[in-house]
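Build the full structure now, drawing on both the sequences and the hints.
Going down the list, the sequences are from chains A and B. Quick note: the first sequence, position 94, residue 94 per the UniProt record's numbering, numbers continuous. Quick note: the second sequence, position 186, residue 186 per the UniProt record's numbering, numbers continuous.
Among these hints, one or two may not hold up.
Each pair may be met inside one copy or between any two copies, as identical chains are not told apart.
[To be verified] BS3-like cross-link-like pairs, simulated, lysine-lysine; straight-line CA separation at most 30 Å: (1) K185 with K37; (2) K2 with K113; (3) K237 with K190; (4) K185 with K32; (5) K22 with K113; (6) K257 with K32; (7) K190 with K250; (8) K260 with K48; (9) K49 with K37; (10) K237 with K257; (11) K185 with K246; (12) K164 with K260.
Treat the hints as calculated values from the structure; they're not laboratory data. It should be emphasised that the depicted structure is a prediction, and the values quoted were computed from it without experimental measurement.
Number of protein chains: 2
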Amino acid sequence: MKLRRSERMVVISNYLINNPYKLTSLNTFATKYEAAKSSISEDIAIIKKAFEESNIGEIETLTGASGGVIFTPSISEEEARAIVQDLCQRLSENNRILPGGYIYLSDLLSTPKILQNIGRIIANAFKGQKIDAVMTVATKGVPLANAVANILNVPFVIVRRDLKITEGSTVSVNYASASSDRIEKMFLSKRSLRPNSRVLIVDDFLKGGGTITGMISLLSEFDSHLVGVAVFAENAKEEREDMIYKSLLKVSEIDVKNNKVVVEVGNIFND
Amino acid sequence: MKLRRSERMVVISNYLINNPYKLTSLNTFATKYEAAKSSISEDIAIIKKAFEESNIGEIETLTGASGGVIFTPSISEEEARAIVQDLCQRLSENNRILPGGYIYLSDLLSTPKILQNIGRIIANAFKGQKIDAVMTVATKGVPLANAVANILNVPFVIVRRDLKITEGSTVSVNYASASSDRIEKMFLSKRSLRPNSRVLIVDDFLKGGGTITGMISLLSEFDSHLVGVAVFAENAKEEREDMIYKSLLKVSEIDVKNNKVVVEVGNIFND
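Here you go:
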């Protein structure tokens, strides 16, 4: 397909945006758009400048026989902070308090634009670290893990609290559930994670940390390694095992009687 | 932020790709990139041509005070067929058969690139129809619904088979579960779907159809309307209530003894 330069740049931009973290040789574009490799190289230089000036992401060009171009999405701290501030406000809406002092989050975690932004912020917080898979626990964590995995262009892995016949053989571990005050089991399909994977754990809401501790112990069952933990929101009041994690939001008060939630920015922008 | 024309086109393309189905006024771009509205208009014309020639999608320009530009993602039948053919082959791999004659799908439904492509194909099959939300049932359907919702830029709604305290008030219906041969319950949080929504139902695997019939009856409890049903794969052998749906794949044989699965293209390209 032969395109004009300006059209070619639009189409190559689209490709890079939809294929983050993937190395693509310039020859692939040259062949596809019937252009000289040097022209493609110039196109990439312009796209790189535009992406970097607008904080869409970075483009790296590797030279040599196995060379090519890789797009790494990013987000400016300014944009990320504005998104998190907006989420703080949305989470503080007084109609979110449920009986038992829980907070209704499902609307936020099922809106593509919000998920995409959360994914960009979390992925950016672990930029430069090799990540092979994103792990979460069903059901609430799934869209979050999916969003982060979309940006990193790696598979996500869903740990379950129940045994499903459609998962085949599973490995299980016990964990201490804060919400039920009991020891529960969690399961991961044997084929869902390769040994020696480097894994980012993502979850929606961090309370006691039992679920995340459970997932970390699953990692060792799969001879895999923890890169980090990121949560959408944490409960500031909760006693928690010693754990390193990044949070977008910190819920510092849930006042059921007065129907009030106090939400602050989490620790994701620290250091 | 002032950019050169070529850079501006790259940045506007990125915006449109990440904001499908959203009307954005040309003034928004003109202000943001300090350019004349007429220049933005020319940029859009080039992007439109590039997107259409490469089957990335359509760009519609609405004139007048409330006018602007809307990007609708699409996919060529050629590309869609190639993707579905590839999925046919992946599903036919003989190591997918699980005890009980189930097929392991989780790896496909947790790979972002595959999900994105499935989302594009399903969304494209319902193009031109007004859709307010995508509905599915936990857990396997979630990444699929998420993928379709990403393309349509609408929220997705997760029906559950168990009651969760973090969902607040729920509405429940009974459904006939083919896998357990029993009447089961499914639940949907009251606040997750607005009345009069037009809903696309998505699921991973269609057997007896009980789950989907259940979701359809939930729709009427929410005074909402069914736009259509799309499934990743259907079991061709299964007796099924009279139901209209689109399927990407059709599993016509699962031979547990010889470890063989026969998979064909579903009905999504018929019409």
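How the hints compare with the structure:
1. For the identical chains of this complex, K185 and K37 are neighbours neither inside a copy (55 Å) nor across copies (59 Å), given an alpha-carbon limit of 30 Å.
2. In this homomeric assembly, K2 and K113 come within 30 Å of each other (Cα to Cα) only across copies, at 26 Å, whereas the closest approach inside a single copy is 33 Å.
3. In the homo-oligomer, the alpha carbons of K237 and K190 lie at most 30 Å apart only across protomers (29 Å), although the nearest pairing inside one protomer, at 36 Å, exceeds that limit.
4. In this homomeric assembly, K185 and K32 never come within 30 Å of each other (Cα to Cα): the closest approach is 51 Å inside a single copy and 52 Å across copies.
5. Taking the shortest alpha-carbon separations for K22 and K113, both the intra-copy value of 23 Å and the inter-copy value of 11 Å come in at or below 30 Å.
6. In this homomeric assembly, K257 and K32 never come within 30 Å of each other (Cα to Cα): the closest approach is 63 Å inside a single copy and 45 Å across copies.
7. For the homomeric pair K190 and K250, the shortest alpha-carbon distance between copies (26 Å) is at most 30 Å, but the shortest distance inside one copy (34 Å) is not.
8. In this assembly of identical chains, K260 and K48 lie within 30 Å of each other by CA distance neither inside one copy nor across copies; the values are 46 Å within and 48 Å between.
9. For a Cα distance limit of 30 Å, the shortest separation of K49 from K37 qualifies both inside one copy, at 18 Å, and across copies, at 23 Å.
10. For a Cα distance limit of 30 Å, the shortest separation of K237 from K257 inside one copy, 17 Å, qualifies, whereas the shortest one across copies, 55 Å, does not.
11. For the identical chains of this complex, K185 and K246 are intra-copy neighbours only, at 25 Å inside a copy versus 37 Å across copies, given an alpha-carbon limit of 30 Å.
12. In this assembly of identical chains, K164 and K260 lie within 30 Å of each other by CA distance solely across copies; the values are 22 Å between and 39 Å within a copy.
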